[in-house]
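Undergrad: Residue strings, one per chain:
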Amino acid sequence: LAKTTQPISMDSYEGQEVNITCSHNNIATNDYITWYQQFPSQGPRFIIQGYKTKVTNEVASLFIPADRKSSTLSLPRVSLSDTAVYYCLVGGVYSSASKIIFGSGTRLSIRP
Amino acid sequence: KAGVTQTPRYLIKTRGQQVTLSCSPISGHRSVSWYQQTPGQGLQFLFEYFSETQRNKGNFPGRFSGRQFSNSRSEMNVSTLELGDSALYLCASSLEGRAQQDTQYFGPGTRLTVL
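Chains as they are written, first to last, in my numbering: chain B, 5 to 116; chain C, 217 to 331.
One should not assume that every hint holds.
Computed beta-carbon distance windows for the label pairs [unchecked claim]:
{"#": "1", "chain 1": "C", "residue 1": "Arg225", "chain 2": "B", "residue 2": "Thr9", "range": "31 to 41 Å"}
{"#": "2", "chain 1": "C", "residue 1": "Thr223", "chain 2": "B", "residue 2": "Phe50", "range": "18 to 28 Å"}
{"#": "3", "chain 1": "C", "residue 1": "Gly232", "chain 2": "B", "residue 2": "Thr87", "range": "34 to 44 Å"}
{"#": "4", "chain 1": "C", "residue 1": "Gly232", "chain 2": "B", "residue 2": "Asp15", "range": "36 to 46 Å"}
Since the hints were made in silico from the structure, they are not lab data. A virtual CB, placed ideally from N, CA and C, is assigned to each residue, including glycine.
Working from the sequences, and respecting the hints, build out all of it.
TA: Right, here's the structure in full:
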């Protein structure tokens, strides 16, 4: 399972665009990249998933370069409610010997 | 469609006791996974069930066990509780749990405190 590296924490202000980058040098050909958001004492919430290039949904965009060794979650015009921990996951949970690794995530703090 | 539900939401036990946590997946989801989250270790995979069979298991001692019923509901049990078992226990469900893009949806978790 590919290991991921993210910044431990990030700060930003309301209304700004926030980009969180995740490094995954050992990503396999069949691996997808998934991002989750977690608020304190709640379960992680799926944000977005992609395989290559760019994916956009109503809450975020995911940019994946051609070599797929990194990915960037982009949150447009953040608000205070976007303060949370963001996890980047790579790969599949469900191979025969898989164990999901969330990593330590990125603690995003949004200020007024 | 209702989300993943977990009961109870909060639980306080003492060392040596055992505990059973319950998870009801999203309707139609057949894969249920369990995770332990602590401040020190982060989010760690416990095990995954599919069609009443344990399909994957994380690196936890045998005191941690689980099962899945024919309606896909799942329970996990922790016996002989230790102080270090205090954590947020999360359940996640997905349709089949096989495809890379088979997204997991998490429940709110059960906060277990061991005294």
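Undergrad: Confirm or reject each hint.
TA: Cross-check of the supplied hints:
no., hint, in the structure
1, Arg225(C) with Thr9(B): 31 to 41 Å, "33 Å, holds"
2, Thr223(C) with Phe50(B): 18 to 28 Å, "22 Å, holds"
3, Gly232(C) with Thr87(B): 34 to 44 Å, "39 Å, holds"
4, Gly232(C) with Asp15(B): 36 to 46 Å, "44 Å, holds"
The structure shown violates none of the earlier numbered hints.
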